[in-house]
Amino acid sequence: MRKIFILMAFALASAVTYAGGYRVGVQGQRALAMGHTGVAVVNSAELGFFNPAGLVHLENQLTISAGVSAVFSEVAWQNSVTGETARTDNPAGTPFYFNASYKLNDNLAVGLSVYTPYGSTVKWEDDWAGSHLVNNIELQAIYIQPLVSYQIADFVSIGGGPIFVTGSVNFNRNLTRTLSDIEGNRSNVTIDASGVNEFGWSAGALFTPTEALKVGVNYRSEIIMNAEGGEADFENIPNTPLAPFQDTTFDAELPLPAELTVGLSYELNEKWLLAFDLNRTFWGVYESLDITFANGTVSSNPRAYEDSNTWRFGAQYAATEKLTLRAGYYLDESPVQPGYFAPETPRNDSMGFTGGLSLDVTSRLAIDASFAYIRFDEVDASYNHYFDENGQNIPFGGTYKSVAFIPGLGVTYKM
Amino acid sequence: MKNYIKYIGILALGMVACEPEFENPVDEQDAFSTGEADFSNYVALGNSLTAGYADNALYITGQENSYPNILSQQFAKAQETGVFLQPLMADNAGGLLYNGTQIANTRLVLAVGANGPAPRNYTGSQPTTEVTNRLSGSFNNMGVPGAKSFHLLAPGYGNPAGVPAGASNPYFARFASGDNATVLADAVAQNPTFFTLWIGNNDVLGYATSGGTGEDRTGNLDPSTYNSNDITDPQVFGSAYSTIVNSMITAGADEGVLLNIPDVTNIPYFTTVPNNALVLTAEQAAGLTGYFQAVAGIFTQYLMSQNVPAEQAQALASQYAITFSEGPNRFIIDVPATQMNPLGFRQMTQEELLLLTINQTALREQGYGSAAITPQVMEVLGMLQAGQQPSQEQAQLVLDAVNGIDDGDALDASELEAINTARTKYNQIIQQLAQANGLAFVDAAALLQETAGGGIVYDGGTLTSTFATGGAFSLDGVHLTPRGYALVANRIIDAINSTYNATVPKVNIGYYGTITPSND
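Those sequence lines, one after another, are chains A and B. Taking this note's numbering, the leading residue of the first sequence gets 1215, the next gets one more, and so forth. Taking this note's numbering, the leading residue of the second sequence gets 200, the next gets one more, and so forth.
Read the hints as simulated data drawn from the structure, not as lab findings. One or more of the hints may lead you astray.
Claimed, not checked - Covered by chain B, according to a simulated footprint, are these stretches of chain A (three or more residues, beta-carbon under 8 angstroms):
id, stretch
1, 1283-1295
2, 1393-1405
3, 1518-1526
As the list claims (entries may be wrong) - Every beta carbon over 12 angstroms from chain B, so not counted as near; a handful from chain A, in silico:
id, residue
4, Glu1273
5, Tyr1480
6, Phe1590
Keep in mind that this is a model prediction, so the values were computed, not measured. C-beta atoms are modelled at their ideal positions from N, C-alpha and C, and glycine is treated no differently.
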């Protein structure tokens, strides 16, 4: 009996997870409006994120692009056998970006970018059917990056810079499907780590074979977030040596995977610009999440993500001198494999439909607006790697359906 | 500019309306069918098993996991139903107060002590449920712990004044509509559209858990003369049962479910302590065999001294020369003295059962269930071995050392037969009434036999009747855990779906807990 409950400590560890598929592609209103293309679009300081090699091509001496989006996402889950249902009540996420580019001379520009490419906020109803996997999770990573961009030759420029990342995670789940205190309050754990700082880099190149055609490539390095000494807080634990859970600390690693983008843009005429990007995100690095508790308990949690692609298409139309309209589409392949579909980040393949506009308020200031509607197919999926207190593998599955709506507003300032 | 802002506003509106919708949402009314049943006002009748009693007590979380409450939640997925009300206790400690004095113990929890985990009463908080605080309103869960079949028809069964004398039931007293109310009338008054009935367990169980110290009242048609540990006459049961069923149908509950009575030999209260737990070394076995030979010898001598012919005396006394062997041996049990068994003890037979509540320390350490051989007894045994003749007092000392299991700690063969005879008749009546009235029927006896046998497989393992660890039975060894009750609910849903062409969804029993560990 005692042994059975002590095993729960391991079961606990095996289900403490961060998020998966937690890439949030909202790093520029102009780019997002065009399906989040931009590796070969010379448009604004958003290039600081998409391809710093392009900064040197910006016309003005100083260009600043900044903005914020509101991510409204909701996930519904249901089990058609038991008739159970659950919906997330996610607070709106607010990814933001700030990009500045300053041209020192015709061949050299410097810049600074701040952006939030990874993050996740999922909040299920407490004690819902999948609460032994997750009640709620909040993951955040802010990238800060100084940049330099240099024109090597007429047809090629390069750019890049080091990245400083600061991140945090807060995650809560119930310990098992049934354990509770004497009053029936479910036993749960919150792990919390903040101020996790790491470094990485990105670099890109932009080719301009003709005046109308641009071809870009950009690589952002993998960054492994090392959470050391995070806090694990146990609540509603029955007073018994059979459930030996005490507040403790933990160490864990979470990868923010590398991303390679290649793409091109083509100016059809003065009014029309078309763009295409292919992202390859190297999710394969996220094989397993290993968590080490202060008492030495180590758990290995299989994630088995696979590298995945996102195919992005965008178009821009200069409607008037002051108004530019944009639209785009993308197909986002999920890195999550069958049997690893966990409700902490229930992402299957999705399609993004985007649109937006820029309005020049003055010759220097433009307002950039975008919206994205992200459509997920309804999917029957399960996570098959949760082990309960008796070491029994208990799959958790059901039907999932997600939608996300992302309106965003930004400004571009040129001088 | 203003125009564009307006468009953004429209987009924002579109977004608010944009929630994920399933193609076939299970929370819409037509997702599951009620068939010919109408669950709009479900009333559950029964005893402790219906109330959600577990761990020898009634408490809130147990009630929340009662099978009627689980059923009501599933019914609500198939139909818009009224709120299912239960007479919730005041706390999760369990136990009862009567005018401030505690009259029922707190729940059992699994506490870890020096000898490992064992059940004991929860001491983390005091009971706060006052019997004389009558709850107002009516309750869909009319399960009354302790109730026998005929109690549901007994006026005054919920009169608080009768509680101290045992003339009424403290649990029903908490929510009866009046001092003279009957359980059945209170159920009928709710205009039920659907009912479940699981009653009759206590009509044999009180007798069984008392180790058969009560009486088998078969042939006595006046239940007012019965004591709580008696077996109810099957005719009395049948009459009460059919009255209940007919009254519920007449009241409007044309559809319902009847559950039958499980076999006591499938519940851990009777199966946890084996009757052959007398484990002996070769030396101990030889010593005990020698002792019982001495008993037989002394008794032969005694009979011959009473002028019984030697051959006859030896034949009669030889039954006491019980032999023991190395390893497990069945215990010695006290039985009524008869002409054929004048000393009133014998070895237990294979099917006879010991109760969970037996003093296991005494079994292990004090010769309970065999013989309590003191140094004085040893002395007399030594004399006998040396061929000396003990005095009458010394001989008596040897006979008195026989320490058979008391009647109240075991179910002997005749008691088991009495229980099963009555139970079989009850179950015939239940099944007949289900058939005659087109009601759904759940073979709860077969269900518990499954848990006692190979167990029932679910996504978290196998649910069995093994005490404390099997998952189906709570720490009192008689009542179910939430997981056990969820299993019952699922079987009821199966019966409903097949009888009434419904598609009420079942629950995953892995989400329901079992026993509660606590050192408080």
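Numbers of the earlier hints that this structure fails to satisfy, in rising order: Violated: hints 3 and 6.
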